[in-house]
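Guided by the hints, dock chain B onto chain A, whose structure is given.
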Amino acid sequence: MDHITFLVAVVIVTALAFDFTNGFHDTANAMATSIATGALKPRVAVLISGVLNVVGAFLSTEVAKTISGGIVNDALVTPGMIFAGLIGAILWNLVTWLAGLPSSSSHALFGGLIGAVWVGAGSGAVNFDKVVEKILIPAVASPVVAGLAALTATYLAYRLTARARKESVTKGFRLGQVASASLVSLAHGTNDAQKTMGVITLTLISAGALGHDAGPPVWVIGTSGLAIGLGTYLGGWRIIRTMGKGLTEIQSPQGFAAETASTTVILTSAHLGFALSTTQVASGSILGAGLGRRLAEVRWGIAGRMALAWLITLPSAALVGGVAASVVKHGGDIGTAIIALVAAAVAAGIFAVARRNPVAANNVNDHHEVTIRKPAPSHVGPVA
Amino acid sequence: MHLDWTALGEVTAVSIGVTIAVVVVFAVGVLGVARHEDTREHSGTSVLGMAQAGLCFLACAAVVAYGICLIVPQFH
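So the sequence lines, in the order shown, correspond to chains A and B.
In this text, residue positions in the first sequence follow the working numbering: the first is 3, and each later residue adds one.
In this text, residue positions in the second sequence follow the working numbering: the first is 567, and each later residue adds one.
Since the hints were derived computationally from the structure, they do not count as laboratory data.
Predicted model, so just to flag it, every value in this text is computed and none were measured.
Note that beta-carbon positions come from the ideal geometry of N, C-alpha and C, so glycine has one too.
Some hints could be false.
To be verified - What the simulated footprint calls covered on chain B by chain A, stretch by stretch (three residues with Cβ under 8 Å from a Cβ of chain A suffice, anywhere in the stretch; the number is not a length):
(1) 580 to 591
(2) 599 to 607
(3) 628 to 634
To be verified - Here are the simulated distance ranges between beta carbons:
(4) B:A631 - A:G224: 49 to 59 Å
(5) B:E576 - A:A298: 27 to 37 Å
(6) B:A631 - A:N359: 40 to 50 Å
(7) A:N364 - B:C635: 16 to 26 Å
(8) B:A631 - A:N364: 34 to 44 Å
(9) B:A628 - A:A347: 44 to 54 Å
(10) A:K132 - B:A631: 32 to 42 Å
(11) A:A350 - B:L621: 48 to 58 Å
(12) B:D604 - A:G351: 56 to 66 Å
(13) B:E576 - A:G72: 15 to 25 Å
(14) B:T605 - A:V220: 51 to 61 Å
So here's chain A without its partners, still in its complex pose (with noise of 0.2 Å):
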């Protein structure tokens, strides 16, 4: 173990600990309708994504060969740069969960990743072309094309079993969103966790820990695939609030249409070879089917903030990134360290104030909205 330095073993704690926000991030993408219409019990659902999302990490065998598909030079890329990106990415992560934004968390990796090569290698070393065609274009498409499914499908579905019996729709529907939601959860651990694996495989081997065109070693793929399930599992309540209850009331056909449409678009594109954000296709799809149902109604405020957030999250992860990088690169060790405790500092800070409003499984269902703030309790009358 002579080759792993200071600088690696932050590196790949740094990693798993990206690893693990990203699977409490993204829980909600498979989970939150399915929670929302009572197809699953909180916890029960979380739990089958947890383990179908470590079963994705094993499954996957393709080896992520580059850690941003061409976004940055990856020759120029030093440890200390994906420590500083992984920072930028960890860091928005936790501050639109605090707010219950399901925002991308691609979008935070290769954000902070360009932030910190940018700072760290000059701007020659971003390629923007590749930022337009494996960023921009999915994220204005994907959630377009789900929606439209998903819209179209929720329409006919309604439709279809107007004269049938409510019950026996609802629950034919609910069973069929466990097999939906299931699918979703798989998709996103062979894609999720892989990204994990190739950060770190890179840097045990630019760290010369691992041959050249080494796979990731098998504790690499189990502790990415246990830091993503572990995530998933402890479950991001307050954006599966948002997304099951936020953008509009989810009935189970219209779970089980925006389920079918998100799995399809993220397996039709993956096979095609586009890089999407699972968070993105999710969230056209509940919009989606929140407009093929008539008279449902769509809450675009909440819907308006998080495509804000969208916009945001790459140069927000891109900043926090390259100031990092900054650090590092000036401070060496010393600045590593420090950027790690500042990081930590943060980050415990915002548990701490996630906790004056706690969203858990036993009332992500209660409200429509995350508030950081303790709602006014409602028994105090009005004064006079």
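Chain B in isolation, oriented as in the chain A frame:
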């Protein structure tokens, strides 16, 4: 910068087509179950309803199986 409009169009068409097909077939299956449960309440059985449901759910299961094949690289 090169944009692959054909691939984008393909993703759009396939996604929307498959989603609608699966949801419609599943809805028809649910209708079959509903008809079966309806007639059972009036002390009868609807063989047609059950057959309709069985066929539809089988078709959906086949699509799910294909989906799993796409997800798991070992099956490729």
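Take the C-beta atom of B:T605 and the C-beta atom of A:V220, compute their distance, and say whether it sits inside 51 to 61 Å. Hint holds: Cβ distance 56 Å, inside 51 to 61 Å.
Return holds or violated for the Cβ distance of B:A631 and A:N364 against the range 34 to 44 Å.
Between B:A631 and A:N364, where Cβ atoms are some 36 Å apart, the hint holds.
**Item:** chain A covers the stretch 628 to 634 of chain B, three or more CB atoms within 8 Å, holds or violated
**Value:** Satisfied; 3 residues make the cut.
- Can the stretch 599 to 607 of chain B be counted as covered by chain A under the rule of three residues or more with Cβ-Cβ separation shorter than 8 Å? Three-residue rule met by the stretch 599 to 607 of chain B, so holds; n is 5.
Please check whether B:A631 and A:N359 have a Cβ separation lying inside 40 to 50 Å. holds (43 Å)
| Would you say the C-beta atoms of B:A628 and A:A347 sit inside 44 to 54 Å of each other? | holds (52 Å)
Satisfaction of the hinted span 56 to 66 Å by the C-beta atoms belonging to B:D604 and A:G351:
Distance hint for B:D604, A:G351 holds at roughly 57 Å.
CB-CB spacing for A:A298 and B:E576 relative to the 27 to 37 Å hint: Given range 27 to 37 Å: holds, Cβ gap about 30 Å.
Outcome of range test on Cβ distance (A:A350, B:L621; 48 to 58 Å): holds (56 Å)
Holds or violated: 15 to 25 Å for the Cβ distance of B:E576 and A:G72? Holds: the Cβ-Cβ distance is about 22 Å, inside 15 to 25 Å.
| query | Is the gap between the beta carbons of A:K132 and B:A631 within 32 to 42 Å? | reply | With a Cβ separation near 35 Å, A:K132 and B:A631 satisfy 32 to 42 Å, so the hint holds.
### Message
Quick check on a hinted range of 49 to 59 Å for B:A631 and A:G224, using CB atoms only.
### Response
violated (28 Å)
Of the numbered hints listed earlier, those contradicted by the structure are 4, 7.
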